[in-house]
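S.K.: These protein sequence lines are chains P and D, in that order.
Number 255 in this note's numbering belongs to position 263 of the first sequence; there are no gaps in the numbering.
Number 204 in this note's numbering belongs to position 69 of the second sequence; there are no gaps in the numbering.
To be clear, the hints were calculated from the coordinates, so they are not data collected in a lab.
One or more of the hints may lead you astray.
Unchecked claim - Calculated lysine-lysine pairs in the DSS-like style (CA-CA distance at most 30 Å, straight line):
id, chain 1, residue 1, chain 2, residue 2
1, D, LYS204, P, LYS88
2, D, LYS204, D, LYS151
3, D, LYS151, D, LYS180
4, D, LYS151, P, LYS88
To be verified - Examples of chain D residues lying across from chain P (beta carbon under 10 Å, computed):
id, residue
5, TRP154
6, LYS180
7, GLY188
8, LEU191
Where is the CB? At the ideal position from N, CA and C, for every residue including glycine.
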Amino acid sequence: MTDALGAARALLTDRIGDLGDEWDRAGAVPVALLRELGAAGVLCAQLSAEDGGLGLSSVENGELTAHLGTLCGSTRSVATSHGMAAWTITRIGSRKQRAAFLPRFTSGELAAVAFSERGAGSDLSAMDTRIRRDGDDVVVSGEKVWITVAAYADLIVVFGNYDNGSGDGAAAVVVPTDTPGVEIERVPDPMGCRAAGHATVRFTDVRLPADHLLGAAGASLSLLVSSALAYGRLSIAWGCVGILRGCRQEAAAHARSRTQFGKPLAEHQLVAEHLAELYVAEQVATRVSEHAARCWDDGSPDQVTAVVLAKHVAATQAAAGAARAVQVLGSAGARDGHPVARAYRDAKLMEIIEGSSEICRVLLAGAA
Amino acid sequence: MNISTGLLEFLASRTKRTWEPDEDLFASGVVSSLFALELVVHLEKAYGVEVEGEYLSLENFRTVNAMEKMVLELQAATP
Ligand SMILES: Cc1cc2nc3c(=O)[nH]c(=O)nc-3n(C[C@H](O)[C@H](O)[C@H](O)COP(=O)(O)OP(=O)(O)OC[C@H]3O[C@@H](n4cnc5c(N)ncnc54)[C@H](O)[C@@H]3O)c2cc1C
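If we strip away everything but chain D, and leave its shape as in the complex, we get (with noise of 0.2 Å):
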């Protein structure tokens, strides 16, 4: 499963709603600041990269398409 398709199934699993890629989760007023530590946690077990130092910016998590993105770009540093 590619890691979008992956993302909005746990979104939709946790917030019991449907998202788009491209969907601002915080606009939405459903994901709090703490469900952004959540997501850092899941991305971390689920795609085994570390999110740390500057990606921890909620610019990052505010859509799934930008998730996605940051996830390729970690696993691609990943030695």
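So here's chain P without its partners, still in its complex pose (with noise of 0.2 Å):
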């Protein structure tokens, strides 16, 4: 492990400890620590020396994501959607805008990034937002809805359909929150990583400076969107890891030290094979991530296919081996405040988000 990756797991760990299961209960993590591990570079690790950040490997980043998908979903999600717009600009906004935005994102200010409407969740051709120029203004117009971190967000990458008035194409924004037009409102009691501050956010009439826009001008929204996702998949892929790592080592101590029948629960076969399938299961989702951040790390065209695999196959694994993890607990397990409950809460919505299991299969099928 290389110095900068210890020192950041050595901070979350001594940051986050136990506390995941308050701030799941409270709904909330408190945001001078988000600020705080945002400075410290640990939200978007993989953001380059050059523009401020760590410097990590995808490898390296990804185990990083393991660690913190353990310790607290929600702070993961944050790390996800704040890394994936460090990486949207870093790989759709030109050098000066490069230069001008990302090193904000060690600054301690925390950003957002925002695909879905009320009518576009899978298909995002359907989305309404409109990106249009006007003089040396850009203008964003529309409603995003589910968006991870909005809540505490200084800066939300928002996409759009780019409309100035010749054809078809797409194009980013990058907006600041305290712009005069932008609303935020919290959703309401989600169902798992319930820290994450998810909201729906209205743009009305936002208007910036032109140069917060990325793309535009005919690009491809497909393009556009799956740069931008590569990133948020595999970052879930190594949350999905952290799951089950923490669900494995749950069920196994759990196991060995409860007796029923005369013997630890470990002894009796059935209980064993859930603890089998929990090894397998975490041991599956790391191969796969760990396949995908190399080719990344090599530049490999391979890491495109490579990263929707590693997110479909670890999202279904964290789902499955959550269940299985609170089967093994059982009433121990059957509560809020537990972190196999948390687990399996979160675990589900991670087949949901950034393409869901049937989008990726869809995907998949392309490359068959």
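Put the two chains together into one complex; each comes in its own frame, and the hints tell you how they fit.
M.R.: Structure below.
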């Protein structure tokens, strides 16, 4: 483990510890803590040193994300969105935009990414959000739903249809949340990742200098979105590795320490099978995520499909694995405030977001 | 190897068929939008360019000729 990864891991362990359950029940992570983690670079640890980040490799950032995923799914969600926002600017922004925006990502500011709308979930081509040029300005109008981190965010990278009067195209805009016309309303009572600050965000003729516009003028929506999501999907895959790690540890510890019918639960074969399958799930999720991260670090075009595969496999394994862990714990894990109960709720959502399991399979069928 | 020969070889190895330099990759249905992203990653690594901003238009990836033109433009613009 490199020094930077070791120090980042230690910081997360120290600041989060076992507070994840408390934050989950409160529905919020202390914002000051998120800002501290952001300023330390651990919420977008792959950002290059040149851009003010820790410059971890994709494999190292994956390990850090898995560790965060074990500690607290909500904080991991914040890191996924914040890191994806930074990656989007790195990927589709110009050099000048990178220099202008990226240092803010490690200065304690927090960022979100907004694709989804009421009428456009899996099918983002149905987006209604309009981004139009008006002289030296760019104007954003629309409504985005379920935006992770939005309740805490200083910046939101907003995707929409680019309307310059001449043909099709898509764009993304970096919108500071204190701009007039931005309204943020929290999603009440999400099923999981309850402290990740999900919100509905309305943009009413939000006017910004045109240098906030990324992409544009004929850029393809599917290319912009799949470029941005590549980071988010791999981050979620590693978050699922973290969920499985935590679930395997909790289930194994419980099964070895609790006795029923005169012997530890772990010695009953049907319970041992759950432990074996949890181990398998964690290993499988880890290996597919590592493969995708290695392809990323090598600059291999294989990364594109490998990331979708990793997200799909890790999310499916995490949802099934967390359900097994609750089963092994029995009533001990059947209440809010227990890590496996939280993992169970968080893991289910991983099968829905950033390309549901069905959408991932549609994409993988295309690669078959 | 020139850019277009290199790209034709890359495409043949990924899609298991041969292509003409002016053939529309997307019209064939063989090439998906995810594959367009693979092309972006490949061009960046193979030719040392950064495909960013408005260059991320599917039109630039529609044919081998279009990709070659874009790479030459990006190489010329790189300081
Ligand atoms: C916790 C959480 C966090 C989120 N964070 C963000 C965020 O930060 N930014 C953001 O932009 N969005 C975010 N979202 C929204 C998320 O991206 C969408 O929920 C997701 O894309 C699915 O869209 P939908 O909910 O509208 O479901 P729908 O698209 O309506 O899908 C419903 C069901 O139908 C299936 N389905 C749809 N189309 C097909 C098809 N062609 N073939 C087979 N099955 C299909 C889906 O797989 C799903 O099972 C978040 C959502 C959640 C729950």
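S.K.: Does the nearest C-beta of chain P fall within a distance shorter than 10 Å of the C-beta of D/LEU191?
M.R.: holds, 5 Å
S.K.: D/LYS204 and D/LYS151 were given as a pair; does the straight-line alpha-carbon distance stay at or below 30 Å?
M.R.: holds, 24 Å
S.K.: When you check the alpha-carbon spacing of D/LYS151 and D/LYS180, does it fall within 30 Å?
M.R.: With Cα atoms ~21 Å apart, D/LYS151 and D/LYS180 stay inside 30 Å; holds.
S.K.: Taking 10 Å as the limit, does the beta-carbon of D/TRP154 come near enough to a beta-carbon in chain P?
M.R.: At about 16 Å, which exceeds the 10 Å cut-off, the nearest Cβ of chain P leaves the hint on D/TRP154 violated.
S.K.: Per the CB criterion, is D/LYS180 less than 10 Å away from chain P?
M.R.: holds, 4 Å
S.K.: Minimum Cβ distance from D/GLY188 to chain P below 10 Å?
M.R.: Since chain P brings a Cβ to about 5 Å from D/GLY188, closer than 10 Å, the hint holds.
S.K.: Do the alpha carbons of D/LYS151 and P/LYS88 lie within 30 Å of each other, as the hint requires?
M.R.: violated, 40 Å
S.K.: Below or equal to 30 Å on CA atoms is what counts here, so check D/LYS204 against P/LYS88.
M.R.: Holds, at about 24 Å.
Violated hints for the displayed structure, listed by number in ascending order: 4 and 5.
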